[in-house]
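*Asks:* My request is simple: use the sequences and hints to build the entire structure.
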Amino acid sequence: MSLMQEMNERALELGVPLGVHLDVTYRCNERCVHCYLDHDDRGELTTVEIKDILQQLAEAGTFFLTLSGGEVLMRRDFFEILEHARDLKFNVRIKTNGVMIRKSEARRMRDLGVEQVQVSIYSRRPEIHDAITKLPGALKRSIEAIRLLKSQGLKVAIANVLMTVNMGEHAGVQALAQELGVVYTLDPTITPKIDGDTEFANSGFGAEGGLPQQRFGGKCRRVLRASAKAGRRRHGRLSLQRRTYGGLHHSVWRCFPLCAIPAAEWQCAAAEVY
Amino acid sequence: MSEKYIARSSQIAARMLGGEMMVMSSVDSTFFTLNEVATVIWQAADGHTPLAEIVARNVCDEFEVDIDIARRDAEQFVNELSHHGILLVSDCPFDISPGPVEAA
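In order, the protein sequences belong to chains A and B. Just so you know, we're using our numbering here: the first sequence kicks off at 4 and counts up by one. Just so you know, we're using our numbering here: the second sequence kicks off at 17 and counts up by one.
Any given hint could be a false lead.
Which residues of chain A face chain B? A partial, calculated answer using Cβ under 7 Å [what the hints assert, rightly or not]:
no.: 1; residue: 64
no.: 2; residue: 66
no.: 3; residue: 116
no.: 4; residue: 118
Computed footprint of chain A on chain B, listed as stretches where at least three residues anywhere in the stretch have a Cβ under 8 Å from a Cβ of chain A [stated by the list, open to error]:
no.: 5; segment: 19-32
no.: 6; segment: 36-42
Just the calculated beta-carbon pair ranges, DEER-fashion [as the list claims (entries may be wrong)]:
no.: 7; chain 1: B; residue 1: 35; chain 2: A; residue 2: 175; range: 46 to 52 Å
no.: 8; chain 1: A; residue 1: 58; chain 2: B; residue 2: 47; range: 22 to 28 Å
no.: 9; chain 1: A; residue 1: 7; chain 2: B; residue 2: 106; range: 29 to 35 Å
no.: 10; chain 1: A; residue 1: 182; chain 2: B; residue 2: 69; range: 47 to 53 Å
no.: 11; chain 1: A; residue 1: 162; chain 2: B; residue 2: 73; range: 46 to 52 Å
no.: 12; chain 1: A; residue 1: 52; chain 2: B; residue 2: 91; range: 41 to 47 Å
no.: 13; chain 1: B; residue 1: 88; chain 2: A; residue 2: 9; range: 22 to 28 Å
no.: 14; chain 1: A; residue 1: 147; chain 2: B; residue 2: 80; range: 56 to 62 Å
The hints are simulated quantities; they were obtained by calculation from the structure and are not laboratory data. Using N, Cα and C, we set each Cβ at its ideal position, and we do this for glycine too.
*Replies:* Set out below in structure tokens:
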């Protein structure tokens, strides 16, 4: 058993939420066809509320923190939140589309000791990537962001969500990742909508005969099995997802809200879950 | 032991879990867990207190360990963590504040 696995087991025994995924906003500059969020701002958590949550998570023992959205950089206070998270010594990963990352943002992420930045790429062909994100020029800007992040010495991963419309694109995205010198990760998960609607996920975005991943080959099936195993684990104990309006969810993959709670009651709710 | 000062790097993540300190470098992603004694040294690494004083005051007094053994082990521990950029080592006090000790 690796040291990390040992720590995971210990966290499980102690009821410590070792890894937390925090959506800091649902606003986004892209409109991806498969996205599980709506992007209306119905009253996000404030800077103070998010800082309070981070403080409570640190006290609860959370070590791995993923900051996600929406697009995290849509928040003007994102770097204030990130700085606070790093002051609290979280291991921070950021999920972004990269469109708003310029040299200054990349440098700041590096200076703040971000562990990894994950950028979503759907195809290396702009006509496909930009059609999925519904943002003209998105691919070019995302690739430029990856280059900037790499040039600052940051670890970068490309997340490649596969659907019917881009199912044949994974080899190209893998090659792109190799050219850029970044990690490639295949994401076969289509998440149910935030309101619990599973119609889109179950329809597999136009796939015939169920979820798109059911049509994948052997390599993808292995990824799926690993993902499912990890998912069961996350649903069990290890991971919580805190969302921007104050709701608490088991994980990204199980979007049905457990409860909607103000920041001050977060720890009580976490205690109930664990 | 020559005079040596140690400070926690800002390029790390750290958290207490079940009495042990988890530390991970964001530079090379190396991951360590520190036992009780190493955690004490880690928490005392403020950049201003000499390592020898940390060992004498925080280790020997608290854990009733021989000073020579404690010094040797502390040197080894500091060398390993500094090799990964997790601890910063200098022969004079640091100007920078190492920041708050992470939540337990």
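*Asks:* Next step is simple, just say for each hint if it's right about the structure.
*Replies:* Okay, the hints, checked on the actual structure:
Among the interface hints, the one on residue 64 of chain A holds; its C-beta lies about 6 Å from the nearest C-beta in chain B, closer than the 7 Å criterion. The interface hint given for residue 66 of chain A holds, since its Cβ lies 4 Å from the closest Cβ of chain B, which is under the 7 Å cut-off. Among the interface hints, the one on residue 116 of chain A holds; its C-beta lies about 4 Å from the nearest C-beta in chain B, closer than the 7 Å criterion. Interface restraint check for residue 118 of chain A: the shortest CB-CB distance to chain B comes to about 5 Å, inside 7 Å, so the restraint holds.
Interface restraint, the segment 19-32 of chain B with chain A: holds (7 residues with C-beta to C-beta distance below 8 Å; minimum three). For the segment 36-42 of chain B, the stated coverage by chain A is satisfied: 3 residues place a CB nearer than 8 Å to a CB of that chain, which reaches the threshold of 3. Take residue 35 of chain B and residue 175 of chain A: their Cβ atoms lie about 49 Å apart, and the range 46 to 52 Å holds. For the pair residue 58 of chain A and residue 47 of chain B, the beta carbons lie near 24 Å from each other, so the given range of 22 to 28 Å is met.
The given range of 29 to 35 Å is respected by residue 7 of chain A and residue 106 of chain B, whose C-beta atoms sit roughly 31 Å from each other. Evaluation of the 47 to 53 Å hint for residue 182 of chain A and residue 69 of chain B yields a pass: the beta carbon distance comes to about 52 Å. Evaluation of the 46 to 52 Å hint for residue 162 of chain A and residue 73 of chain B yields a pass: the beta carbon distance comes to about 48 Å. As the Cβ distance of residue 52 of chain A to residue 91 of chain B is approximately 45 Å, the hint placing it in 41 to 47 Å holds.
Our hint of 22 to 28 Å for residue 88 of chain B and residue 9 of chain A holds, since their Cβ atoms are close to 27 Å apart. For the hinted restraint 56 to 62 Å between residue 147 of chain A and residue 80 of chain B, the CB-CB distance of approximately 59 Å keeps it satisfied.
Of the numbered hints given earlier, the model fails none.
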